[in-house]
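Given chain D, put chain G in place with the hints provided.
2 protein chains.
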Amino acid sequence: MSTTTSMSSRGTDRRGAILEAAAVEFDERGFGAASIAGIAKTAEVSQGALHFHFRTKQAIALGVIDEQNARTFAAVTFDDASPLGGLVQASRTIAGLLLDDPVVRAGIRLSLENRVFSGATSAFYDQWVASVVDVFRLAVAAGEVDTTISAEALGATVVPWFTGVQLVSDVRAARADLLPAVGTMWRVLAHACVVPAHRDRLLAVVDRTFACPTA
Amino acid sequence: MSTTTSMSSRGTDRRGAILEAAAVEFDERGFGAASIAGIAKTAEVSQGALHFHFRTKQAIALGVIDEQNARTFAAVTFDDASPLGGLVQASRTIAGLLLDDPVVRAGIRLSLENRVFSGATSAFYDQWVASVVDVFRLAVAAGEVDTTISAEALGATVVPWFTGVQLVSDVRAARADLLPAVGTMWRVLAHACVVPAHRDRLLAVVDRTFACPTA
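In the order they appear, the protein sequences are chains D and G. Residue 109 in full-length UniProt numbering sits at position 109 of the first sequence; the count goes up by one each step and never skips. Residue 137 in full-length UniProt numbering sits at position 137 of the second sequence; the count goes up by one each step and never skips.
Chain D on its own, in the form it takes in the complex (with noise of 0.2 Å):
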């Protein structure tokens, strides 16, 4: 028994370890250049064993972004006194990941540049708007959101901003802006959509959260 614990235990080590290899890869130089040799001689596997766990470098890359939409989902923790405010400390954990983890970083990077990986994209995305939707759903429930722009169209559009916000700054500075971008983003939409009784405490939360020492 403790053979076959062992071994499923390293089959995982070595499932994990093929990953993060190819999110290096992936990242560095981008879904078509990586090869599945560069991704086993950084995993330390041989192709063989490589093949064992993904037969192709597409099924290498979806497990990439099944692994970067688990990591990054666990960082929303619901909140229920100050459900935006959750949020707020779940985005900078995002993009603390974003900065530091390699998976994350090459599973967005893939999501988006790759046609070929739609499919998972696009239910990666709905189930992101969803579940920022019952955030600012909770948010209206307990004061801190007005209903004059509705949690389903607030929801719909911090998605998509984050999105870009990460994208552009990447793309800009290798994302050496992304907090205080970050940032901007939750200030504006708490001057859109915060009720005055918690706008100042929300504020408050976001410069704490995203302040830079340096800035």
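Any given hint could turn out to be false.
If chains are identical, the list can't say which one is meant, so a pair holds when it fits in one copy or spans any two.
Derived pair list, reagent style SDA-like, types lysine to any residue, alpha-carbon separation capped at 20 Å [as the list claims (entries may be wrong)]:
id	residue 1	residue 2
1	K57	R29
2	K57	A33
3	K41	D13
Keep in mind the hints are simulated off the structure, nothing from the lab.
Leaving out everything else, chain G in the frame of chain D:
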């Protein structure tokens, strides 16, 4: 002289035909899968003629990106009476180009999906942010927009916001919901920064500009 003019004009036409054909190839197949031979065939020119205008596939792609920049920038007109209203109209024109013009569709796709073009793309976004910041400065001067959030911050977030809205609309719905999604962006922005005396007028402009007959 007339011969020279005619040849020069034919050269320009041929270069334009190559860019249009390349845009269709890049938009449908992506940069990696598009081929010089396929582009030459679609443009109805010899590979020699294509090579005279563009040395490499990368040079063709940069030509498409440049042409996209020119066509989208041409949509921006400064409206002294209502600078923000003018920007809303410009965004509608650009959304229309994203729906209908293969050069604009391919140019934005190429500029976002390939790091090999990030030099050109970065300059392109810098130029867009600077221009949109200028519009917000004019809107502040015209009394449309308040200064709670700076014109610099508003311009720096509207450009990635629009970028993300069109991209996520492409991924989720092949841009079927692009017009209402851009309308939502402007409604949120109007509530964040337009002074009360101008808000209803600008919201009416947004509704009129992005209303879909079937929505």
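Checklist entry - Among the hints numbered above, which are violated by the structure, and what are their numbers in rising order? => result none
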